[in-house]
Amino acid sequence: AQSVAQPEDQVNVAEGNPLTVKCTYSVSGNPYLFWYVQYPNRGLQFLLKYITGDNLVKGSYGFEAEFNKSQTSFHLKKPSALVSDSALYFCAVRDMSGGGADGLTFGKGTHLIIQP
Amino acid sequence: NAGVTQTPKFRILKIGQSMTLQCTQDMNHNYMYWYRQDPGMGLKLIYYSVGAGITDKGEVPNGYNVSRSTTEDFPLRLELAAPSQTSVYFCASSYSGLPGVTQYFGPGTRLLVL
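Line by line, the protein sequences give chains A and B.
Using our numbering, the letters of the first sequence map in sequence onto residues 6 to 121.
Using our numbering, the letters of the second sequence map in sequence onto residues 724 to 837.
A hint or two may mislead.
Claimed, not checked - No farther apart than 25 Å at their CA atoms in a straight line, the calculated lysine to any residue pairs in the SDA-like style are these:
no.	chain 1	residue 1	chain 2	residue 2
1	B	LYS780	B	ASN724
2	B	LYS737	B	THR793
3	A	LYS113	B	SER792
4	A	LYS113	B	GLY763
5	A	LYS74	A	GLY21
6	B	LYS767	A	PRO23
7	A	LYS113	B	ALA805
8	A	LYS54	B	ALA725
9	B	LYS767	A	GLN7
10	A	LYS63	B	TYR827
11	A	LYS54	A	THR115
12	A	LYS54	B	GLN745
13	A	LYS27	B	LYS732
14	A	LYS63	B	VAL824
15	B	LYS767	A	GLY34
16	B	LYS732	A	ASN73
17	B	LYS780	A	ALA10
18	A	LYS113	B	GLU782
19	B	LYS732	A	LEU93
20	B	LYS767	B	ASP779
21	A	LYS27	B	LYS767
Unchecked claim - What the simulated footprint calls covered on chain A by chain B, stretch by stretch (three residues with Cβ under 8 Å from a Cβ of chain B suffice, anywhere in the stretch; the number is not a length):
no.	region
22	33-46
23	76-83
24	107-116
None of these hints come from the bench; they were simulated from the model.
Using N, Cα and C, we set each Cβ at its ideal position, and we do this for glycine too.
Same shape as in the complex, but just chain B (with noise of 0.2 Å):
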């Protein structure tokens, strides 16, 4: 199993530009997750999904968009890229939304807006 997979692993956008974020996971699980790691900062969440044509806000949703219309995938959107979007993209997956399930995550996507 690849596990859960990233790309691009870095870009850089102009302010405007718009771009996805693209996150696939082989482990048939129905939960996922975007979330943004800024220096010296934890993960925020920004988007979630529990299942394919399902998708909810986290905790920081502002400037993005999110689909998931298969079980493997979920991207996420930036439709206007603004320097405060510069940031570590991370996406993680689990198979259940009980608390006390791991979530896994992918190796990131570097992100900075200019």
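Bound-form chain A, shown alone (with noise of 0.2 Å):
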């Protein structure tokens, strides 16, 4: 079965500051990962995906992740913060063990307070 873990609930950055948004993950196979973002009362924005290739990965806003296949991690990072980046952050993955067309298994969530 697939996991994710997001060990920090909340991160707490000032404005300007580089920011780190945790995420390790547990999958049979090779993992398909993602970074989704949550403002306040709206759905889940997708940010940026690791398939394959290059480690580094770019998304929208700004956002990169970085995949480390021997730690398993898929960390959000951005090397400027801004406090229109505050919202709830998701790490997701899917592998294909399961054979299927199932869904995406998520993280708890990490909330990204940006400080001015």
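Make one complex out of these two single chains by using the hints.
Following this line, the structure appears as structure tokens:
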């Protein structure tokens, strides 16, 4: 079975500083990893994904994520945080071990708070 | 494109009542999904569909039913509402079931069962 862990319930960062939101995963096959962002009272918006290839993936709004197979991690990063980045961030994974078109497995989410 | 739309945005139900959560997508996606999001938890898959007329259970299907008569619509039915079904429900769609394909989410329906 696949699983995702987001070890931090909340991350606080000062505006302009770099940010990291951590994610580790467990799958039996090759991982397909996603980051989504949820603003208050809104649906989930896709940020970026890792399928294969370059370990550094670039996505929307200046976010990027680094895939590390040996550490089974897929941390979300941004070089310079904005107050508008404050939101709830979800890491999710899929693999093909289930064999079917089932859904994503999500972590619990991390609240990112950017302080002015 | 409107993407994935859901109605209603918010609903209060009494225990034992029934209701249908509506989901429509205009992206001609074959695959559609229903998730629920509980406080402090990630989303959990309730049901999914790989095309019109084909549905299957996800991780937490008990207490729910679905149907898929068209490509665009994927309604979720609660027959006998229970307090444990208080949650935020998200519908999603994707053009393929391959694991690297992005799922696109609707704005959600917040349901309160009292």
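**Report entry** Within 8 Å of chain B (C-beta), three or more residues of the region 33-46 of chain A
**Finding:** That given contact holds, which follows from 3 residues of the region 33-46 of chain A lying within Cβ reach (below 8 Å) of chain B.
Query raised in the report: Is it true that the CA of LYS63 (chain A) sits at most 25 Å from the CA of VAL824 (chain B)?
Result: 16 Å, holds
**Report entry** Given coverage of the region 76-83 of chain A by chain B, checked by CB-CB distance under 8 Å (3 or more)
**Finding:** This one is violated; 0 residues, fewer than the three required, reach chain B with a Cβ under 8 Å.
Query raised in the report: Holds or violated: are the alpha carbons of LYS732 (chain B) and LEU93 (chain A) at most 25 Å from each other?
Result: Judged against 25 Å, a Cα distance of about 19 Å means the pair holds.
Query - Hinted pair LYS780 (chain B) and ASN724 (chain B), Cα distance within 25 Å - result: 29 Å, violated
**Report entry** Straight-line alpha-carbon gap LYS113 (chain A) to GLY763 (chain B), limit 25 Å
**Finding:** 6 Å, holds
Report task. Would you check the hint for LYS54 (chain A) and GLN745 (chain B), treating anything up to 25 Å between C-alpha atoms as holding? Result -> 28 Å, violated
Query raised in the report: Under the criterion that the straight-line Cα-Cα distance not exceed 25 Å, is the pair LYS63 (chain A), TYR827 (chain B) satisfied?
Result: 18 Å, holds
Query raised in the report: Taking 25 Å as the top limit, are the C-alpha atoms of LYS767 (chain B) and PRO23 (chain A) close enough?
Result: Outside the cut-off at roughly 31 Å; violated.
Query raised in the report: Can the restraint linking LYS737 (chain B) and THR793 (chain B) be considered satisfied, given a maximum Cα separation of 25 Å?
Result: 30 Å, violated
Query raised in the report: Quick one, are LYS767 (chain B) and ASP779 (chain B) close enough, alpha carbons at most 25 Å?
Result: Distance of about 14 Å is within 25 Å: holds.
Query - Proposed proximity, GLN7 (chain A) with LYS767 (chain B) (alpha carbon, max 25 Å) - result: Satisfied, since the Cα-Cα distance of roughly 13 Å is no more than 25 Å.
In the structure shown, a violation is registered for the earlier hints numbered 1, 2, 3, 5, 6, 12, 13, 16, 23, in ascending order.
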